[in-house]
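From first to last, the protein sequence lines stand for chains D, R and H.
Heads up, the final residue of the first sequence is numbered 423 in the numbering used here, and it's a clean run with no missing numbers.
Heads up, the final residue of the second sequence is numbered 847 in the numbering used here, and it's a clean run with no missing numbers.
Heads up, the final residue of the third sequence is numbered 1327 in the numbering used here, and it's a clean run with no missing numbers.
Bear in mind the hints are in silico, worked out from the structure with no lab data behind them.
From the three backbone atoms N, C-alpha and C, an ideal C-beta is built for every residue, glycine too.
Misleading hints may appear alongside valid ones.
Quick look at which bits of chain H chain D covers, simulated, 3 or more residues with Cβ under 8 Å [to be verified]:
hint, stretch
1, 890-898
2, 983-991
3, 995-1002
4, 1019-1027
5, 1058-1067
6, 1074-1085
7, 1278-1284
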Amino acid sequence: MVKEVSLIGELQSIAGAGLAEEGPACTAFAVDGLTPRAVVRPSTYQGVAEVLRYGNTNRLTVISWGAGSMMQTGNRPSKYDIALSVAGLTGIVEYEPADLTVTCRAGEPLVALQEQLRRSRQMLPSGPFASREATVGGIVATAGASASRHAYGTPRDFTIGMQVVTADGRITRTGGKVVKNVAGYDLCKLYTGSRGTLGVIVELTFKLAPQPRHEQREALAFDDAATACAFARELERQGMSVKAFTLLNRAATGLPRGGYVLAVDLAGTQAAVNRCWETLSTLAGAAQQLSEAEAERYAGAEAELQTAASVTLECEITVLPSDLPVLIERLGETLEPGIVAYPTIGLARAFWTAGDAEAILTDLTAAFRKIGGSMLVRRCPPSLKSRIDVFGEVPPSFPLMQRLKREFDPNGTLSPGRFVGRL
Amino acid sequence: MPGGPIHQSAFGSEADLSRCVHCGLCLQHCPTYLETGLETESPRGRLHLIRALSEGRIDLAGNTMGHLDMCLQCRNCEAVCPSGVPYGRIMEHARAAVIESRRAPVPWRLRSLFLREVIARPGRLRALAAALRFYRRSGLRALAESIPLLRDRALLAPSIAGRPFTGTGVLARPKGEPVARVALLTGCIMPLAYGRVHRATVRVLAANGCEVIAPVDQSCCGALQAHNGDRQTAQALARRNIDAFLEDGCDFVVVNSAGCGAAMKEYGELLSQDAVYSERARVLAARVKDIHEFLLELPFRPPTGRLEASVTFQDPCHLAHAQRIREAPRRILQSIPGVQFVEMEHADRCCGSAGVYSFTQPQMSLQLLQRRIDEVRASGAAVVATANPGCMAQIEAGLRRNRLPVRVGHVIELLDAAYRAEHR
Amino acid sequence: MTAAKRLIRELQSALGRRWVLHAPEDLLVYEYDATIDRALPQAVVLPESAQQVAQAVRIARRYGLPVTARGAGTGLSGGALACEGGVVIVMTRMNRVIKIDAENQLAVVEPGVINLDISKAAAPYGLYYAPDPSSQKACTIGGNIAENAGGPHCLRYGTTTNHVLALEIVTADGEIAEISATQAGYDLTGVLVGSEGTLAIVTKATLRLLHKPEATITLLAIFDRVSEASETVSAIISAGILPAALEMIDKNTMDAVEEFAHCGYPPDAGAVLLIEVEGLSEEAEEQANEVRSICEKFGVRELRTGTDPAERERLWAGRKSALGALGRKAPSYYILDGVVPRTKLPSVLAEVYQACDRFGFAVANVFHAGDGNLHPNVLFDERVPGATARVLELGEEIMRLCVEAGGSISGEHGVGFEKRSYMSWIFSEDDLEVMARLKAAFGAGDGFNPGKVFPTSKGCGEVSSHMRAAIAKAGPGAYV
Ligand SMILES: Cc1cc2nc3c(=O)[nH]c(=O)nc-3n(C[C@H](O)[C@H](O)[C@H](O)COP(=O)(O)OP(=O)(O)OC[C@H]3O[C@@H](n4cnc5c(N)ncnc54)[C@H](O)[C@@H]3O)c2cc1C
Ligand code: SF4
Ligand code: SF4
């Protein structure tokens, strides 16, 4: 067991004695039933680089961690030696409100960052996410999308610069600190959503948005998904100031009456929000409009589902917005999961608490082929992971992605096996 | 360089050429570029070729001349160029340099011979017109149009019909004191092909209180010759016109043919090196007015007679791009009670007539014509109004070819009809 | 038969004779773009399909020749120039709008489509394509994608990269691949946008369309001094207003524009801001009022407002024709493109004027102030011996000012050939090495638009010698 000793010893000498552990501490960093041999929490970028360099030269594999709230998503790692947590890399590096940009370390929790930004009436146009601990690094690495994507896009749209440690331990920069920048390849795009398979993000620069002057949440009941989606699109067509549309089915709301609830988050100046509310009220029948209290209740519905321990299978499906009603209908036929959808984006998340996950997936995959789009299994029983690729069928450009992975991580040091096609 | 004594600088002045900053903003306005997608058939490309010729980087071998020849000289590029590149002038000089180099290909030389020896000579031109009239009436045209080899050129041959215009001297005198004394440029083709337009113009001017004269000694304006590189002939013609029009002491020279108007407004530039005439050229040029712009500068009298028709307007290139007159003809059309004015798409793109272009580049000419005809069709108009004899003939040919029951008229003819309807 | 002849023969059999150019006069017009650089290709092809692009790439590769894609040639960084010769693939014939999917707000287009034509095709559905480079009447979407083009309205709506959803590409080995920003896996679409034609050739693009806003208000604010105008810019952003566009035009630019577009700019004004706010009419009104009072606070001398399309068009006319109009002020101009953090705008701008003064050149600034994206245009006469070299030197100094202020060497025109050597000011060797890995993954190597973006490529020396040869051939009056 000579090697075992030297691993933790090495990591401790890199990161500092208290920052590398083995044994029981590692269980909290298990991924799909695999427990790492050591966990290390470097406090500097240099520390991250040295851990990676060490792992890479010694053929030890490294899985990077933020707060861990999204670690259940991904294929089962093919090998897992070191858990590298960047949760210790917190804090804002640079924030000049009049520039409308912020630079912070990857381990900074989104909630904490937003609090800082709120003081200058600004925000990172992302979230909220189910986990209050979610770090900005983790959100970007998983390209985490929330309902506000309707108005603000996803991390690829507002991440303008990064520092990333490569598999061979180089601290590199891409992008910059200015909102418009075309110098060099935009590697930010590549790292965003790459789930730690190409490098470890240690610092990020974001383009911010001013906080809406006024916000108001409305909720409406609909009998069927198609009408609800059409309603959302009509508001969109009329240019209403909407930050997010969220469509929930009965199973997601626990609603006694009606089939679907469409939550509409209005945001803008007071006058604009009033006008939106008027338009919305004229378009919808009075009976459809739910009370403020009800509307507020649905705000937390998605987060509840995402954190519910009873959920055995969770899928995220992206289709063309026009195909969303069909998709939702079809999903409903599979043991009525809880469904949360973003109608103008064409994204639906479904949560099952009962039934045979594999059978449901087989059924869905067949149906899905007809509709087209992409499907991600966010949560499923670990036993299933050996038989499916949670990212669904590999995309046509998969050979290019394989080459990319080989170039960026030739030794397969970074989260091996976890990504699309078990990259 | 093989072949010849050619003064490189003759291809264009460095100052003119260096104004092009290659921004490309003219590309999407160039009809030949839009048809081919080729940079050589674009303003920026042609300017670059001319510059390369002037610098001696290339010579006239190969297809350089072909690329220059494919240019319509519609000057659409010039009108949109934010840098103010004087494209028309550059191209004229370049063509002149080609002709002067004596290395011009036979068709270029024939063309210039034709323009000099027929178009610029009234007697010979009348004979040609008579022949063409016979050609149309006799059914020869129908025959030629049915022979594949001849079809394109035959189709685009001007249609000579109706009574020629032969008036000279005082043509009209209003009842009271005239608001202006104007001289009409009768020109070369217009009186023969569209005598009716001149007659309408005289009536319209009179109806607006003008005294109209037509100096006897005037000649063809020289535009076609200048465009094709025969600046000498063009200058000779310009001098004759300067003498003729200044002699008569009119306030304005009114022109109803866009190409001629544009050329005469540029007499100053054409004769800028002429010790005797340069000043007089500028004086005359300043008096030249396009009929539409002229009418609107008078206190224009809107007609009260009605003309029930949907009308579209096809901008003659040398009105819209060379003279930058776009609004005046439209306003005149819109002033006619009963006229429903509809814009056709790409109204300001060349119809392919472009002087003698329809003969030298029949294929491109037809291609462009077809686009315009399709746009006329899409506009749903029953009448296409325009303001240049070449455009009128070209569009008539296109409509005939497409068997489209749409009529062609000069804006002034329509206005004249509305005035005349007042008395009915 | 020589290799050169065989190459042409093969290209001709793949694309048809008409669409393979090789005569000197035909190649000559592909030696330029909108920069002052020049480079001659050995052959030019104009394909009409992705298959033909792929064939052309394979043939060129077989002869060991580099390939360079070209759109409309309006690029401002020499991107479309065949710096090492080879085959130029011109996309102008692939100019169809394949589909407008109004329900899903998508457009599927070929790469040669002109930017503005996409909005024209989408207009009947109340939709438009947001990125609007000032060259939008002329530039192609393929060129926009390659450069990640921006434009006045990118302040609010983002640049090209935020609007490209999926691409069909031809890779360096002549394979056709489909990539999408929404499919599982790496975001290859995201890295392809802005890659300046060095990774792959785009043969089809799926773009996001936006609904036209209900109301748009354009404000034209005239200031006595540039400093007042640039402080107003910062103040607007700090106030939590994100206008759709926020542009600045300085005095020299106004002078040039006035001649062409007759915008009625007062002759003694120092700078003009064009500010556009959009949204629901209530919102636009409210924002316009706030902007007005900020302008007043900073001493605006005159405010003009446009609400209907014709009025707005008039207010924009000067801005839109600005770059071209500078051609009237001097025989040549050199456009720079740098970015600084918005708060640094006033100080950097002042330094730019000082630097130009020191070098003895007039400079006209017309730029996307809201993004901190500067465009100093240095006016000069390339016929004056040594002028060009001095201008380039000045350009370098201005770029340095931007970088020292925490900015970047290009906001939208690209690095291309012109600014490769500045890359190392903002990126370390490691940073560049990682970028090279991306290139390697695409198999692009040195054969794909070589001599661009990267400061030290193998062919670097050859590039300059090739360029020198081109210049020598160009004779005395030629540009650099
Ligand atoms: C007057 C003027 C104003 C301008 N204003 C702006 C502005 O506001 N914002 C802005 O961003 N830019 C602006 N530009 C610069 C220029 O218009 C843009 O960079 C534009 O995107 C270039 O498009 P193009 O079709 O002309 O490309 P080209 O110049 O032909 O090529 C540019 C690059 O794109 C590559 N390329 C072209 N097509 C493809 C393809 N299908 N696949 C892969 N690569 C390809 C080329 O290899 C080259 O590297 C302006 C230019 C001018 C002259
Ligand atoms: S002619 Fe004018 S518009 Fe055309 S490229 Fe040259 S400068 Fe630009
Ligand atoms: S004159 Fe007409 S045809 Fe000739 S280059 Fe200009 S726009 Fe094109």
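Here is how each hint holds up against the structure:
1. 890-898: Contact hint for the stretch 890-898 of chain H vs chain D: violated, 0 residues under 8 Å.
2. 983-991: violated (count 0)
3. 995-1002: Since three or more residues must qualify, the claim that chain D covers the stretch 995-1002 of chain H holds, with 3 doing so at under 8 Å.
4. 1019-1027: The restraint on the stretch 1019-1027 of chain H holds, since 4 of its residues have a Cβ under 8 Å from chain D and three suffice.
5. 1058-1067: That given contact holds, which follows from 4 residues of the stretch 1058-1067 of chain H lying within Cβ reach (below 8 Å) of chain D.
6. 1074-1085: Check passed, 3 qualifying residues.
7. 1278-1284: holds (count 6)
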